[in-house]
Amino acid sequence: MGYIHTFVFLFFLFSFIPDLSAKVVYINGPTGDMVYVDVGQNLTLDTNQKSAINVGYWIYGNTVISLWYPGSVHITPSFAPRGGMNNTSYQLSISSVQLNDAGVYILQGIKPVYYAQYTVFVEVPVSNLTLVMSNTNPIEFTSSVILTCTASGSSLTFVWMNSSSNATVNGLVQTKMNSSTVTIQNVTRHDVGPFYCIVSNHISNQNISSIKLNIRYGPSNPSITVNPERTVFKSGSVISLSCFADSNPPASYKWIHNGVVNATTEIFRLSDPNPRDSGNYTCLAYNSVTLLQASATRAVTIMDPISTVTVNAGTPIDMMNFTLGCNVSGTTDYIQWMMNGAPLNASIRIVFNDNNRTITFSPVELYDNGVYQCEASNAVSNMISPAYMLMVYYGPRSLNITSPAIIKAGVSETLICTTFSWPQSHFTWFFNNSIVAYGAEFQTGPLTTSQSGNYTCVAHNNMTNFSETKSTVITVIDPISNISVREVVTPMLNMSFTLSCDVTGTVDHIQWTMNGTYIHPDSRMTFDSSNRTVVFSSAELSDNGAYVCEASNAVSSMVSQTHTLNVNYGPWSAYIVGPSISELGSNVTFHCSSTSQPACMYTWHFNNSIVATGQTLEMNHLPLSRSGLYTCEAYNNVTKMNTTAFSQLMVIAPLTNVVVLPVNNVNAILGQPFVLTCSVDSQTSSIYWMKNGMHFVPNSSVSFINNNMTISIISITHLDAGLYQCVAFNLISNKTSAGYDLIVNFGPEQPIISGPSSAEKGTSVIFNCSASSWPASTFTWYSNNSKVADGPVYKTGMLTGAGNWSYSCVASNNVTGMSSNISHQLMVVIPMLTLQVKATPVIPLHSVNATLTCETTGSYNSVYWQKNNQPLILTEQMAVSKDNVSIYFNPLQSSHEGIYHCVAANIVEQQFSSPYQLIASYGPVRAQISLINTKLMCVALSQPPSVFEWIVNNKIIGTSNEISLVNIIPMGGPVSCKARNPRTKVTSTAVFTLPPGTGAVPPVQSNFSLIVPSTLVVFVHVIANSFI
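Mapping of the sequence shown onto this note's numbering: position 758 corresponds to residue 934, and the numbering continues sequentially without gaps.
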């Protein structure tokens, strides 16, 4: 089917090309958009329409500014100098937009129907902002201020800001929406700002530097600060009074004390003040602009500090009245008494007088003792007196003499007299009414019995003037000098014996102890009248122990040396400690013991012969002959008694060789019986078996016989494999055999052949044969019933004939005596040699039927195709043959172009052809020459692209697609452009005629259009032609 096309070439003069350096606004949005543009910007309206609009036009207001249809585009002359349209995308462009460019732009598509509308607003950017205020120094509550903002631009909007927030519209700050002025009525100090205005339109915004109002106000809220901060000050202090009032400009100050102005500064200092400087201080603040004043007053008191504090007192005597006084120099507001660092409070006995200056104790007591201080204070100082230590005088009381009533003759004694008294009392000693000493202690010197008598102590306190007397009676006696314990007869078990206490000196009393405990008469033990002897009627072992006798009188006592009593007895219950079994060649020790006092003597007998004496029998390197009965005899040479003990010894040889052996050295074969035995070189008491280090016990298929000496396996399996050991025991040793590794021999099972099932003729293959077996099998190979090789691997010779071949592998086990075989089939095929893609025709042409064929030699099973290295997908106007060998293009199109492979496969291999690049060649179609500026341009539709030759007067003058008129005009005559397809060899020629040397516009020629400079557009030539 053919279509009629009209070609119209439209060109702009180079002098009207827009300034591309200007800012460009590119609009690409939905229909109905509103577009805001700066004056002077470049604007492009894009419909975002992807499909072609063959016939359509752009309208601005009621004027068509652009019209197009196939082969022709028209631009309205009034729009052309700054406007243009892209013929492909239909974008409308306006350079250096002006205010009169604002309005509605409509794109109307006729074929196909399409509609898009844009409303364009052109605005002048904001500039030249100024901000002016009507009053630069307003006064609070009395002045008003007007702020005015001016700016250049179009469609301006004003927004007023106070700091970072919108200016508040209320009774004091007044403005209207979008107003360029703000009025502040009766300003306050809080209206200081900063104020600024923001001016904007749709395309820009600006804000001017902020301004602040200098509002005059105050003074208000005056205050006085005292440093240091207090109300009463010590004389001589440095006092600083500071005044501050909120004021603009800053206030001036006056200080007034008792009606007199003392200073005119913000800070007033008092140096070395005294109590006369006390009073009210007033600060007067004044603002010279607002003419207002305010004042504040602060009271200040000056006071002298306390200089001395002391405590005075009388003489404190227990249970008598007593007074303490506090002497203070200086003004005193308060006096506090302390005892031992804690405040002292009044009570029934303690009374404070004269504003706490005195304390009266009625009466004073001992527990009033302590450290007393008084603390005096006023508003600027306090002082504590030095410590006064109160010690109440008392005594003497509770006089006492410390001394023994009876004293040993020849001993010096110290008599001590004590009493409760403060200060300490003085002491005097009397013996039988005669003074013998002074002081609390009286040292007698060595006493004799003649110095027995009455001793008296007198105590006197010089402060209280009290005295007290105490007497005691002392008797002097001679001491005991010697004492010991003696056995009258030797103590024998169950016989009578006596202990005696021998003493030198006067004895008042004798006491016996056994093992540190006092003993008393009982049914077996009696004492004489003085306790000097103890008689035991029948000695027992419980009588053994440490005996001591103690003799005493009024001044002394003496204890005898310890006498150890041992009742003689025995021997009893002899026994032997030692082994009953011993290893041949070892050392043995027997030890004999018996209960006896004194210790026994021991004799050893073996087989009725004396072999040793002493409590221990040692024998080294025992032979077997030392087995037998051993006797120990124990004898007490005091009691003259004896006893005997016996011990039996057995000497045994140890186990040295234990081995696990198979019966008759038979190999273990799967499914057959098998027997293991434990061979031992010595006598055993027991045997047990282990398998793989674990205790092994009989089961349904394994039995133990001959006292566990033999293991019998009925039918051996793979589970019976493992490491077997037997462990033998006798009375002195055990021995574990070395491991016997039981390996189950089996097989061969069904062999397996690994290797190819197909191969190409002329090659060789390798087969591997394997079979499960122990020990490993031997292998034999057969082909067509003939032996061809031994071993698990078989490599064939060169395969010579196509078809099926059979190979067999026989596996044999030399231990089990069994064999097994398997066969393998090999298909031998003829190999593929070549594979290529051929095209029919040899040069495929666009819109002409074409065929690609996969040509191969050798055998194959299947063929498939790839395009651009992907599996081929058939599209319209494509088909393949039943065997996939050929592809048909009916006809060939540009979409069919690409790189094609054919792939052929058989059971052995898969082979790819070399790539074939399919090109749908056409053209060249209608070569055309265009004049652009001073050059001729030659174009022609072609695949692959054409090559060009420029010819003048049968001479080639150029080989590119363009040539300069400078080279042509001098030559005159027609100029030919020949376009040639390098693949199809087809050519097409266009001719351009220019009179020699004139530069005139040439007449119209076939297949030619000329672009001529003009103020807008010149239609040169319209040619109707069909294009299929």
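I should point out that these hints are in silico values taken from the structure, not numbers from a laboratory.
A portion of the hints provided could be inaccurate.
[What the hints assert, rightly or not] Listed below are the simulated DSS-like cross-link pairs for lysine-lysine, each with C-alpha atoms no more than 30 Å apart in a straight line:
| # | residue 1 | residue 2 |
| --- | --- | --- |
| 1 | K1058 | K1043 |
| 2 | K867 | K937 |
| 3 | K1111 | K1058 |
| 4 | K937 | K1058 |
| 5 | K410 | K430 |
| 6 | K1131 | K1043 |
| 7 | K971 | K1014 |
| 8 | K1131 | K1111 |
[As the list claims (entries may be wrong)] What follows is a list of derived Cβ distance ranges for each label pair:
| # | residue 1 | residue 2 | range |
| --- | --- | --- | --- |
| 9 | W748 | R700 | 17 to 25 Å |
| 10 | S1057 | G938 | 26 to 34 Å |
| 11 | M496 | P519 | 32 to 40 Å |
| 12 | S982 | S1071 | 49 to 57 Å |
| 13 | S1057 | D966 | 36 to 44 Å |
| 14 | P426 | P519 | 48 to 56 Å |
| 15 | I560 | V649 | 20 to 28 Å |
| 16 | W748 | I695 | 49 to 57 Å |
Note that the Cβ used here is the ideal one computed from N, Cα and C, for glycine as well.
Against the structure, the hints:
This hinted pair checks out: K1058 and K1043 have alpha carbons roughly 19 Å apart, not beyond 30 Å. Taken as a hint, the K867 and K937 pair is broken in the structure, with Cα atoms around 57 Å apart against an allowance of 30 Å. Taken as a hint, the K1111 and K1058 pair is broken in the structure, with Cα atoms around 57 Å apart against an allowance of 30 Å. For the hint pairing K937 with K1058, the CA-to-CA distance comes to about 28 Å; that is within 30 Å, so the pair holds.
With a C-alpha separation of about 25 Å, the suggested pair K410 and K430 falls inside the 30 Å cut-off, and the hint holds. Only pairs whose Cα atoms come within 30 Å are accepted, and K1131 paired with K1043 is rejected, the gap being roughly 45 Å. The hinted pair formed by K971 and K1014 fails the criterion: a straight-line CA distance of about 40 Å is larger than 30 Å. For the hint linking K1131 to K1111, the alpha-carbon distance of about 19 Å falls within 30 Å, and the restraint holds.
With their beta carbons about 22 Å apart, W748 and R700 fall inside the hinted range of 17 to 25 Å. Taken as a hint, the range 26 to 34 Å holds for the pair S1057 and G938, whose Cβ atoms sit roughly 30 Å apart. Checked against the hint of 32 to 40 Å, the pair M496 and P519 fails, with Cβ atoms roughly 25 Å apart. Between S982 and S1071 the beta carbon distance is about 54 Å. The supplied range of 49 to 57 Å therefore holds.
A hinted range of 36 to 44 Å for the beta carbons of S1057 and D966 is inconsistent with their spacing of about 52 Å. The hinted window of 48 to 56 Å between P426 and P519 holds, with their beta carbons roughly 53 Å apart. The supplied range of 20 to 28 Å is broken by I560 and V649, whose beta-carbon atoms lie about 57 Å from each other. Between W748 and I695 the Cβ separation comes to about 27 Å, which falls outside the hinted range of 49 to 57 Å.
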